[in-house]
Structure formats: structure tokens, C-alpha cells
Amino acid sequence: AQSSVTLYGRVDLSLARNLGTDYMVMQNGSGSRLGVRGVEDLGGGLKAVFNIEHRFAADVGNTGTNNNAANAATTPMWNGRSIVGLQGGFGEVRFGREYTTNFLYVQLAADPWGYDTVAANGSLGGAIDTVRSNNSITYSSPTVGGFRGHFQWVMDETPGNDTNGSYNLALTYGAGPLNVGFGRIDRDDVAEWNILTAAYDFGAFKLIGAYGFGKIDATDVKHRDYHIAATAPIGGGEFRASYNKLETRNPSSDVSSKFGLGYHYNMSKRTTLYADYARDGELTDNKWGFDVGIKHNF
Amino acid sequence: AQSSVTLYGRVDLSLARNLGTDYMVMQNGSGSRLGVRGVEDLGGGLKAVFNIEHRFAADVGNTGTNNNAANAATTPMWNGRSIVGLQGGFGEVRFGREYTTNFLYVQLAADPWGYDTVAANGSLGGAIDTVRSNNSITYSSPTVGGFRGHFQWVMDETPGNDTNGSYNLALTYGAGPLNVGFGRIDRDDVAEWNILTAAYDFGAFKLIGAYGFGKIDATDVKHRDYHIAATAPIGGGEFRASYNKLETRNPSSDVSSKFGLGYHYNMSKRTTLYADYARDGELTDNKWGFDVGIKHNF
Amino acid sequence: AQSSVTLYGRVDLSLARNLGTDYMVMQNGSGSRLGVRGVEDLGGGLKAVFNIEHRFAADVGNTGTNNNAANAATTPMWNGRSIVGLQGGFGEVRFGREYTTNFLYVQLAADPWGYDTVAANGSLGGAIDTVRSNNSITYSSPTVGGFRGHFQWVMDETPGNDTNGSYNLALTYGAGPLNVGFGRIDRDDVAEWNILTAAYDFGAFKLIGAYGFGKIDATDVKHRDYHIAATAPIGGGEFRASYNKLETRNPSSDVSSKFGLGYHYNMSKRTTLYADYARDGELTDNKWGFDVGIKHNF
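Protein chains in written order, with this note's numbering: chain A, 1 to 298; chain B, 1001 to 1298; chain C, 2001 to 2298.
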């Protein structure tokens, strides 16, 4: 029954050779950020919550992903998140710029790298989903018997009220070492994507599998994604491995066949040193990449 | 005799149908913000003060008022305020980007909504004032016998030193339930505006009246504004009502005839739920609008 | 052996007439800023450090140096600094956007004004150095026998790996009242610059001298800088004086002959009132300027 406001953040920088390139760069390993979040107890089990999170490229100190002015100018200041909401026995409702539920509760958990570093498995979204929504209303249910549901409505804000908004949803189930998830996003007149994930923690290691499918609305091109991954706690850090294959049908094409390996060593709860290797067999040239970096949370 | 630095802010989001439009949007009900302010005791009754305040559109997480990159790029980061100053027995002097005194001390207090939400009475500035000044020097007097005066000089920063800057001022008087104010802004070669306000708090409700007049310098078109409003503390919140009529002379035209109603319920000192209705009879179509929202201060 | 995160900043505004202009402006006297920095103890003498520092123009509340949208859009959000690193017995290594070592450890210390106000001695960099580097790796040695060394490598991030990055370095020596420094920056295919400085603190006043030399790579135009300065603690503040002459050879030209005088009075450890005068004899018109301002750190 207490209220709190927290200033938090991360600076994460790596030396990397990206897939498809033949030179080294310094870059964010994951999204460097500065955020403020808070919870206010309103009494009667009700709480007000908020979170605003700025993202920046620590190698150049700019909003966005590099020092290109156009890029920085088109990236919102609070690109990570900008929400206010209410929490209670009914669950939680949040308004504003928020992660899509299929991404946050299903896809993200299936990637050992959490969509970060050169080994990231962004193909878990079929390359046709979206990770965040502006003007969204998100509902997260309480956890009941291991199940939890999430639904997000995205306003279209188009004059005339004659077009529809978009939606996405997530359903997760957890029971001891087992975690299962289903996510779906329907971006009106753009694309739809569905994802099934399952993870089992054997203690010595965790095994993760995922299958995704969807299509682009305009062209009706179908996308399929197959994913298998494992993590293992070794020597004060985490070993990570994954293989992910993204393909299209009609026309049939192998978009990406990505293999990733990494070790993330925890110097402390807040500071991690990491090294990752990735290879995508579908690239015509420079099929491999790597990074070594430091991630510091505060 | 203590020094302090405070991180503070607000996230305010509403679902709204704006006046003159026929569709729903999510938007800021008032300016979402993140600020830092502080007071340092310098001894001998003297204090140093500062305040920087970022404003953002919480629905899209961007600086400025929407997710349009051009809009965000032209909105200053510290759009709300950016000042440093000194306080003492002599009053207070502040330098930087600051509210105009006619707005902050007179017009703002006359609007039950404080220029926020769809029911905002922005016409209290005659649509020819300005709410903030860059490069300004502001002096606020101590309160003497209920009176307080404010004067702001705005530097023109034009080569040659042969043009003048602009100024604005405010004079307020408070005695028990009565509050009276006069404000004037003279934007050199742009426009001038004068505003008179009076408010009386009967306990069960507060009554507010205002009359404003001014003109656009280039065209000599005169603007007149008539305003009456009331607020009442009811059921843990505040009921608000107002009517505001803005007209021009030579040529004579009714610019706006706006009626507003609202109820703002305080869930706590920091969190408010609100609903507002507004109607502007001078609009040719979609004459009404409304919003329901949540405002969370931290 | 403790960890800490600190929110800090500065608002500094002056009324100034800049060199080469004939009108007054309000402007930053030094870089107004908001930053977050922290140190985390990792055990075994090892520490993680980070620092992100936003810079803004307090007169208009915008990122960058004025209210020009293009200027603000091309200035990174964390223009001042954006680094993460590790500290230990070996010294310190930092990654990201960082000051060049020749600037931070040598040039900056030779200017009584620290590159701030109208009296700033920016010519200590020959007008061909750079003050900060993106994508840099910086190593600072421990202090050994009064000596400390710093080296910065700047990645070029150009496809093909066939061009070189840039580097800069600094070597400083301190023994009681004596401080000596040497700095060098080599911006690949752009320019190179070398600087020698010496300062001696006589107690009643401190005397500073510097000599810099370098050239622009493309044109082979040589730059020379001669600098002498003094500071003295007087009446709760600091008196400052300097003379700096920047010239080019082949063709021979006097770029700047700048004389500066100033007094910076400390109202407290955090708040300073200041007045500065500067004159540059090489200007064709409006050879003098001045500023009076207030600098408040928090």
C-alpha cells in the first residue's frame, strides 16, 4: 500500500559486425533507455500506474538508432513506452503508446536474446508484426489458474468513423517449469500474424519452441516462422542458442535461416558482459556477424 | 532554509471527440510533462530557483502535440518552461522561456479547465495573445495588501537594436473569497490584448467573469471576449461550467460561442478521472465534442 | 564500496552582446544541461560507470543552441555525453559519445572560462579540433607519480574496413602548484592539432600558458595558437584574464586576437553570478562583447 516513482535506465554498447556487412561498428546491443515509472496506491485495492521510457543510441547520444538527423527526428522521444493506467482486482488497463501484447507476452519470451544484439530473433514476428502501438488501450487480466489474457485495441483516428482500428492479443499459461503462449495481431488492411510458443525449464537448461504464421493483406503473401532455442545457466551467466527459419509461400522463398550463439555473463545484478555470434544462411554475402558488449542497468 | 531538487511530471490521456471533427481520438487532456525544479537557499533571505519542463503527447510518446515528425521537430524539448532566477524580499526575477504573465496569473485562473481538455477556454486570450515567451525577463513583486504585480520583458534579439521587444503584465488582488485580475500583453507589431477577471467564492460554488479586448496590429481588427464560468466542489470532485463568446469588430464576426460542462473526480491528490462536454455554436458542423480521461501527476 | 545514481544539471543564462554583433541577446553562458550519472561497485576494486548528459539552450528551452528547428533536429539529445565503462586498478575504459581527451584534459583546463561565455578561448583547439567523438573507446590510466595518460580511439564505421579511424590523446603531469599537459588529436583526413599547456598556482593567482599547432589535411594550411591567462581568487569569486592569438601560415593570416576579462562571483557552491568582457582585434566591426549572467547547478 505504498506509492513510488522510480527513475531508471540502461546504457548498452557493443562492438559489432552486423549480418550482411563487412565492417565493425559501435552500437546499442539492446535499447539504451531512460525512464520514469510509478505506482500510486489509490486505496481499496486500486492503483494508478504510469511509465514513460525514452530510447536512445548510446554510441552517438541521440534519440533513434543512429546519428542520422532524419532518423532521430522521426523517432518519438518516449519511443519505448508512454502509458498511464489503473490496476485492481479486475486486472490492469493502460492507455497510450504501449507494446503490442503478442510481442510483449509471447514473442519476446521465446527469444533467448529478447530481440536484442546481433543474435536477436526478430523473425518471431514474421517481419510483418509491429512491436508497439500508438493510441492504444490495453487490458491485462489477472492470472487465473495459470492463465493470463491480454488484449490491445489500437484506435485508427481517421475522419469519418468508417474504418476500423487494429487489435492484438496474447494468452499465456504457466505451470511450474512449463510456459505456453499464443499471440495474434491483426493490423487492419496491413498484415496479420499468429504465434504459438512453448518453453520447458529442465533446470540445467530451458528449451523453447515457436511456430508463427500470417500474411500480408495487400499481396496475400503468406509468412511462416519456425523457431527452436535453448538457454542454460552456466558459470554465473547464461548460455544461449537458437535457430529460426522464416519463409514465405506464394511465391515460396526462404527469407532468413538464422543461427545464434551467445554467452551473457552477469558481473552483478545490474551489469552484464556479453558475446554473441549469428549466421544467416540466406544472406548472399557476409553471412555471419558477432558482438561483444557491456549492458549496464540503473 | 533548505535546498531541494524535485523530479515531477504528469501523464494525462483522454478518449475524445474534438470540436469540429466527427471521429474519436486518444489525446492529451492536458499537457503531459516531465520536469525538474529546485530551490536553493543562498542565505540572507535570498534563494536561487530553476525549472525545466518537457511537454509530450502521451498518446504517441512524442515531443509536441502528435506523432507528426515536423510538429515534434519544431517543438522545443523544454516547451513547458525553462527558467532560472532569484527570489528574495524584493520579489522574484526569472530568465528564460516562461509563461506570459497575463496568461499565467490572470487568464489561466479564469478558466475552470485551466486551458485543458475539449472544454478549454483558450479564447480568454482573444486568439491573439501568446502563452509563453522565449528570451524573457520576468519580475514578480511580493504580495502587498493583497496586491501582486508581474511584468515580463521579451527581448527581440534583432540585429541593429532599432526594433523594440514585447512586454506583458499582470496585476492581481485577493481578499478572502474575492480575486480580481488585470492582464495586458503587447506583442510588438503583432497584436495587443487586455483582460479583466473577477472571481468570488461563495463556498458552495465559485463564480468567475472575464472581459477581454484587443486588436491585431497589421489589420487593426478588434477582438472582444466575454466569459462567465462557475465551479462547485461536489462529491469528491469539481463540477465546472462556462460560457465564452469571442467576436471581432470591423468586420464584425462571431468567432466562437463556446459552452462547456465537466466533472473532474479526484481519486487521490494525484490522480483525477474526468469527463467534459463542449459545444461551439459558431462551428458550421460537428458543433459538439467531449472527452473522458485520466490525469496522473507524479 | 557503494553504488549511486545521480540526477544533476545546470541552467545558465546571460544577457550578452556577442563579438561581431551589435545587439543584445539572452543566451546560455555555458551549456545548460540535465544529466544522469552513476557508479556501481562490482566488487574486487571494479566499478561500472555511466553518464548521459543532455544539453539545451535555456533561453528557448530547446535542444541545440537556439530555437531554430533545423539546429535542434541535428543536435543529439545526449549531446554532452553518452558513455558506459569500467573502472579499476588498470584505470578506466569508456565507450560511446565522449569528450576528446585533448580537449577534456588539456585545452579545457587552460581556459579560465572553460570554453564558456563570450570570453571563451575556443581557439585553444586551433578551430580545427573537435570537442566530442561518437563511437569512441577511451582509456584513462591511473595517476602514477603525478602523470596520467588518456587515449581515445574513434571508430570510422565505414564499409570495407579500408579506411582508418581517428585518435586523440592527452598526457598530464601535476606536482603541487604545477600542472603541465600535452594533447594531440588526429582526425583522419580532416585535421591534426597539438597543444602544450602549463599552469602554476602562486596562491594569490594562477598563471597559465599554452601553445598549439596543427594543420588542415586537405589544404595543408598550418594553424598556430598562443595563449596566456591568469585567474585570482578575490572577494568570494574568481577574477579571470586571458589573451589568445590564433594565426594561420601559408597563407599567413591573423584569425583571432582575443582579450578577455571576467569576474565570477559564487553566491554559493552551486550558484554563480558573472560578468565578462571580450575583445577580438581581428574582427572588422563590433570588436567587443560582454555578458552578465547567472549559472545555477543542481
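No wet-lab data here; the hints were simulated from the structure. The beta carbon of each residue, even a glycine, is placed where N, CA and C say it ideally should be. Be careful, since some hints might not be right.
[Claimed, not checked] Straight-line Cα separation of at most 20 Å, EDC-like style, residue types lysine to aspartate or glutamate; simulated pairs:
1) Lys2269(C) - Asp1041(B)
2) Lys2287(C) - Glu1157(B)
3) Lys222(A) - Asp186(A)
4) Lys1287(B) - Asp220(A)
5) Lys287(A) - Asp2189(C)
6) Lys1269(B) - Glu157(A)
[What the hints assert, rightly or not] Here are some chain C residues the structure puts well away from chain B; computed CB gaps all over 10 Å:
7) Asp2012
8) Tyr2023
9) Phe2056
10) Phe2259
11) Leu2261
12) Arg2270
13) Trp2288
14) Phe2298
Status of each hint after checking the structure:
Between lysine 2269(C) and aspartate 1041(B) the CA atoms are separated by roughly 11 Å; this keeps the pair inside 20 Å, and the hint holds. Only pairs whose Cα atoms come within 20 Å are accepted, and lysine 2287(C) paired with glutamate 1157(B) is accepted, the gap being roughly 19 Å. Distance check on the hinted pair: lysine 222(A) and aspartate 186(A) sit about 14 Å apart at the alpha-carbon level, within 20 Å; holds. The hinted pair formed by lysine 1287(B) and aspartate 220(A) fails the criterion: a straight-line CA distance of about 42 Å is larger than 20 Å.
Restraint check for lysine 287(A) and aspartate 2189(C): the C-alpha separation of about 31 Å exceeds 20 Å, so the hint is violated. For a cut-off of 20 Å, the pair hint linking lysine 1269(B) to glutamate 157(A) is broken: about 32 Å separates their Cα positions. Listed as a non-interface residue, aspartate 2012(C) fails to keep its Cβ farther than 10 Å from every Cβ of chain B; the least gap is roughly 7 Å. The beta carbon of tyrosine 2023(C) is not kept farther than 10 Å from every beta carbon of chain B, the shortest such distance being approximately 5 Å.
For phenylalanine 2056(C), the non-interface assignment is contradicted: its Cβ lies about 6 Å from the closest Cβ of chain B, within the 10 Å cut-off. For phenylalanine 2259(C), the shortest C-beta to C-beta distance to chain B comes to about 24 Å, beyond the 10 Å cut-off, and the non-interface label holds. No Cβ of chain B approaches the Cβ of leucine 2261(C) within 10 Å, the least distance being about 23 Å, so the stated non-interface status holds. In this structure arginine 2270(C) is not separated from chain B by more than 10 Å, as the shortest Cβ-Cβ distance comes to only about 6 Å.
Interface exclusion of tryptophan 2288(C) from chain B stands, the closest Cβ pair being 15 Å apart, more than 10 Å. The beta carbon of phenylalanine 2298(C) is not kept farther than 10 Å from every beta carbon of chain B, the shortest such distance being approximately 5 Å.
Checked against the numbered hints listed earlier, the structure breaks hints 4, 5, 6, 7, 8, 9, 12 and 14; every other hint is satisfied.
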